[in-house]
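Asks: Chains as they are written, first to last, in this note's numbering: chain Z, 1 to 319; chain G, 1 to 380.
Simulated from the structure, these hints should not be mistaken for laboratory data. Do not take every clue at face value.
Pairwise CB distance ranges, derived in the manner of DEER restraints [as the list claims (entries may be wrong)]:
(1) Gln207/Z / Phe245/G: 49 to 57 angstroms
(2) Asp67/Z / Ser371/G: 23 to 31 angstroms
(3) Leu28/G / Asp173/Z: 31 to 39 angstroms
No more than 27 angstroms apart at the CA atoms, straight line, and that leaves these computed lysine-lysine pairs for DSS-like [stated by the list, open to error]:
(4) Lys79/Z / Lys378/G
(5) Lys76/Z / Lys161/Z
(6) Lys229/G / Lys79/Z
(7) Lys229/G / Lys161/Z
(8) Lys97/G / Lys76/Z
(9) Lys188/Z / Lys222/Z
(10) Lys6/G / Lys101/Z
(11) Lys79/Z / Lys6/G
(12) Lys28/Z / Lys378/G
(13) Lys134/Z / Lys188/Z
(14) Lys217/G / Lys76/Z
(15) Lys375/G / Lys3/G
(16) Lys101/Z / Lys375/G
(17) Lys6/G / Lys157/G
(18) Lys157/G / Lys79/Z
(19) Lys134/Z / Lys217/G
(20) Lys217/G / Lys101/Z
If you want the ones that stay clear, here's a sample from chain Z, every Cβ over 12 angstroms from chain G, calculated [to be verified]:
(21) Ile63
(22) Ile126
(23) Ser182
(24) Lys222
(25) Gly224
(26) Ile293
Ideal Cβ positions, reconstructed from N, Cα and C, are used throughout, including at glycine.
Chain residues, written in single-letter form:
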Amino acid sequence: MNNHSTQTVTREAVVEVRNVYKSFKTVKAVQGVNLLIYSGQFLALLGPNGAGKTTLVEMIEGIQTPDSGDIVIMGKHWKGHADELHRLIGLSLQETRFIDKLNVRETLKLFASFYDLNHQRVEEIIDMVGLKDKCTAYVVNLSGGQRQRLALGIALLNNPKILLLDEPTTGLDPNARREVWSILFKLKEQSETSLILTTHYMEEAEQLCDYIVIIDNGQILKEGTLDQLLNEDRAEKLIAFTLEDDQHISNLDYSEMPFPVQWDTFGKSGSVALNQIEADIPTFLSFLKQHNIGLKNFECRRKTLDDLFVSMTGRRLNG
Amino acid sequence: MDKIIKYDQLLQLLSAHAKELLREPGVLFWGILFPILMSLGLGLAFTRKQDVIRDVAVITQHQKSISEADSSSPLQTFLDTRTERLPFQSGEPAQYKLVIPNDKLGNTTFVFKQATWDNAIVMLKRGSISIIITETGDGIHYHFDPRNPEGQLNYLKLTAVISGEPRPQTSDSNIEPLTVTGTRYIDFFVPGLIAMGIMMSCMWGISYGIIEKRSQKLLRRMVATPMKKSHFLISLITVRLCMSFVESSLLFLFAWLAFGITIQGNVFALLTLFLAGNIAFAGIAIFTSYHTARTEIGNGLINVVVMPMMVLSGIFFSYHNFPDWAIPVIQKFPLTMLADGMRSIFIEGAGFTETIFPIAILSIIGVVFFSAGLKVFKWH
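Could you put together the complete structure from these sequences and hints?
Replies: What follows is the structure, encoded as structure tokens:
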């Protein structure tokens with residue numbers, strides 16, 4: 001169970017996932033996941049494709065039923081409270097298509113009618129997601145980014161207490177992605193909505209969310225705020241390098257290295273997490289010089305979630 | 001308290017389904033124009049009195065042409081005296097034309113083409129002729145496939161004229177053409193076409209529509225809201241029912257204007273049967289689309305349902321031409337029941353008494369399939 005000690009004092013958990021398991025035939029999609037999501041919290045489920053993010057979110061959405069374990073939303077289980085919970089949740093599924101030959105306003109009006117909302121709310125949403133100039137355009141004629149903003153608008157129609165977005169920016173260009181983010185930034189400022197966002201873009205998780213859960217093979221590998229995750233091993237900075245001559249990699253005696261190196265899959269590049277960068281870089285460089293190893297490329301940067309994921313799994317998030 | 005009917009939700013769903021349908025130009029063509037064109041084409045082909053032209057190969061002796069034959073031969077005499085020789089270029093075989101006028105059945109024009117036996121066989125194989133006439137020392141011989149009705153008909157007509165009937169009759173006094181409403185092919189065809197339209201509209205409109213929405217995850221997205229599932233299905237079926245009504249009305253209007261088709265039986269019985277047909281096929285459509293999320297599989301499933309009925313249910317031609325053992329089976333198909341019921345009202349002047357059985361059975365079929373489909377329906 002995640003331990004958000006600072007948040008539990010002031011906030012109540014809106015979603016509780018307790019020891020949940022879900023399998024499909026031979027695939028163990030979710031294996032013993034525990035999770036708490038608090039009111040107003042923006043939580044990212046970060047993991048590569050096939051990590052189990054969508055299955056976990058679909059169980060929270062009530063679309064899938066866990067094989068075992070409990071999911072409680074605002075103190076209620078899905079069984080017997082579906083209609084009530086549907087009114088509390090807003091969601092955007094991966095790759096949903098709406099009715100091609102309805103325009104943006106008609107699509108929003110249709111979904112608004114499911115929540116007994118009036119047309120004024122539809123106009124508010126059109127403004128909120130920046131689709132005013134496209135409100136009479138057929139859905140089929142919208143760009144990918146506009147469609148995603150429409151999906152987000154539909155998810156926000158009912159002023160949800162819990163917003164579930166399943167990879168909302170996958171396949172979008174950087175501009176379209178930032179447009180979606182800006183809507184979510186405003187939502188964070190202006191409401192107490194909790195967000196559960198699945199993504200395999202670490203940048204998205206870093207930018208939007210205040211709590212990050214790294215998931216792989218159906219299990220939570222690590223969770224915490226961005227700072228907690230990156231500072232856990234006190235090595236928040238990192239040097240990444242590529243050797244000039246590949247043959248040195250095999251010739252190197254790793255035990256002699258002053259710091260543990262994380263080599264990439266091809267063994268051409270490596271990275272080293274450092275505690276005190278000012279003191280450690282000269283040590284590292286003098287080791288290379290001592291062994292007559294040349295560098296093709298050398299950079300020093302802050303550690304990212306991708307680096308953390310590589311250190312835990314040996315794979316990249318988008319790899 | 002949750003209301004049983006949410007009018008705004010139902011209205012929005014009806015409006016969305018109707019707009020989705022009407023904004024697709026293909027729907028107007030395939031749903032409205034195509035059945036009208038079909039009735040026009042088949043109506044004209046089978047209803048109007050037609051002039052026909054038939055080619056006939058003639059050989060006075062095997063491997064010999066007419067010009068080489070004895071000019072006193074009966075066949076040559078017939079060609080010289082009773083037919084009109086068509087202009088031809090030197091080196092080409094001679095052709096002769098004979099018109100048998102008939103103001104009731106339509107004129108028949110025979111074009112006699114001089115040919116060798118080999119050429120005549122090639123023409124026969126290609127289907128451009130159905131009969132070959134040869135002349136040998138012992139008289140005139142007619143060669144045709146006895147199982148080919150056209151060959152038989154040509155034989156009967158040709159033997160009459162070649163054997164020396166004084167002059168072709170222009171009007172058979174003993175023939176009384178049945179052209180009154182209700183006895184023509186178009187009267188048989190239009191009610192069947194309306195029945196087929198109902199089946200197609202439901203199966204493709206409802207079944208395929210659901211499968212497509214499931215494959216696009218739209219169904220899943222919609223049921224993740226407080227939308228009433230019953231409202232979704234009711235709106236989809238209602239829009240299809242209205243569309244079917246418009247399609248059928250326009251088809252009937254056209255058939256009435258073009259061919260003078262009328263409803264000889266009870267109009268209310270027809271409307272009830274129309275509704276029962278829609279209920280039956282809407283139920284079957286829901287059942288057909290209960291599970292798959294792949295449109296390719298959906299295509300196959302819908303075809304499995306509609307194709308046998310389209311072929312067997314006697315929409316285009318009477319199913320009584322099928323073997324006797326098959327007829328009781330065919331008569332139990334929903335499309336057969338619907339088409340037969342419609343024909344009985346259109347042509348035979350039937351009312352509720354005669355159609356209550358198909359109305360009841362079709363409604364039961366619809367309710368049973370709808371309930372079974374809903375029990376196993378996959379929304380996600």
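Asks: Please go over all the hints and tell whether each is borne out by the structure.
Replies: Cross-check of the supplied hints:
Distance hint check for Gln207/Z and Phe245/G: the Cβ-Cβ separation is about 55 angstroms, which falls inside the suggested range of 49 to 57 angstroms. For the pair Asp67/Z and Ser371/G, the beta carbons lie near 30 angstroms from each other, so the given range of 23 to 31 angstroms is met. Restraint check, Leu28/G to Asp173/Z: a C-beta distance of roughly 37 angstroms satisfies the suggested window 31 to 39 angstroms. A C-alpha spacing of about 17 angstroms is found between Lys79/Z and Lys378/G, which places the hinted pair at or below 27 angstroms, so the restraint holds.
For the hint linking Lys76/Z to Lys161/Z, the alpha-carbon distance of about 14 angstroms falls within 27 angstroms, and the restraint holds. Note on Lys229/G and Lys79/Z: the hinted pairing holds, with a Cα-Cα distance of about 17 angstroms set against a maximum of 27 angstroms. With a C-alpha separation of about 23 angstroms, the suggested pair Lys229/G and Lys161/Z falls inside the 27 angstroms cut-off, and the hint holds. The suggested pairing of Lys97/G with Lys76/Z is violated, with an alpha-carbon distance near 91 angstroms, which exceeds 27 angstroms.
A C-alpha spacing of about 24 angstroms is found between Lys188/Z and Lys222/Z, which places the hinted pair at or below 27 angstroms, so the restraint holds. Among the hinted pairs, Lys6/G with Lys101/Z is consistent with the structure: their alpha-carbon atoms are about 24 angstroms apart, no more than 27 angstroms. A hinted pair counts as satisfied when its Cα atoms are at most 27 angstroms apart, and Lys79/Z with Lys6/G qualifies at roughly 23 angstroms. A distance of roughly 23 angstroms separates the Cα atoms of Lys28/Z and Lys378/G; the hinted pair therefore holds under the 27 angstroms criterion.
Proximity of Lys134/Z to Lys188/Z is assessed by CA-CA distance (about 25 angstroms); at most 27 angstroms being required, the pair is judged to hold. A hinted pair counts as satisfied when its Cα atoms are at most 27 angstroms apart, and Lys217/G with Lys76/Z qualifies at roughly 26 angstroms. About 22 angstroms separates the Cα atoms of Lys375/G and Lys3/G, which keeps this hinted pair within 27 angstroms; it holds. Proposed proximity of Lys101/Z and Lys375/G is contradicted: the alpha carbons are some 30 angstroms apart, above 27 angstroms.
A distance of roughly 71 angstroms separates the Cα atoms of Lys6/G and Lys157/G; the hinted pair therefore is violated under the 27 angstroms criterion. A distance of roughly 81 angstroms separates the Cα atoms of Lys157/G and Lys79/Z; the hinted pair therefore is violated under the 27 angstroms criterion. Between the alpha carbons of Lys134/Z and Lys217/G the distance comes to roughly 23 angstroms, so the proposed pair stays at or under 27 angstroms and holds. Distance hint between Lys217/G and Lys101/Z is fulfilled; the C-alpha atoms sit about 16 angstroms from each other, no more than 27 angstroms.
Not every C-beta of chain G lies more than 12 angstroms from that of Ile63/Z, the closest at about 5 angstroms, which undercuts listing it as non-interface. Every CB of chain G is more than 12 angstroms from the CB of Ile126/Z (nearest about 16 angstroms), matching its label as outside the interface. At roughly 23 angstroms, the least C-beta separation between Ser182/Z and chain G is larger than 12 angstroms, which holds for a residue marked as non-interface. Remark: the non-interface label on Lys222/Z is consistent with the geometry, its nearest Cβ contact in chain G lying 30 angstroms away (cut-off 12 angstroms).
For Gly224/Z, the shortest C-beta to C-beta distance to chain G comes to about 30 angstroms, beyond the 12 angstroms cut-off, and the non-interface label holds. Every Cβ of chain G is farther than 12 angstroms from the Cβ of Ile293/Z; the closest lies at roughly 53 angstroms, confirming the non-interface assignment.
In the structure shown, a violation is registered for the earlier hints numbered 8, 16, 17, 18 and 21, in ascending order.
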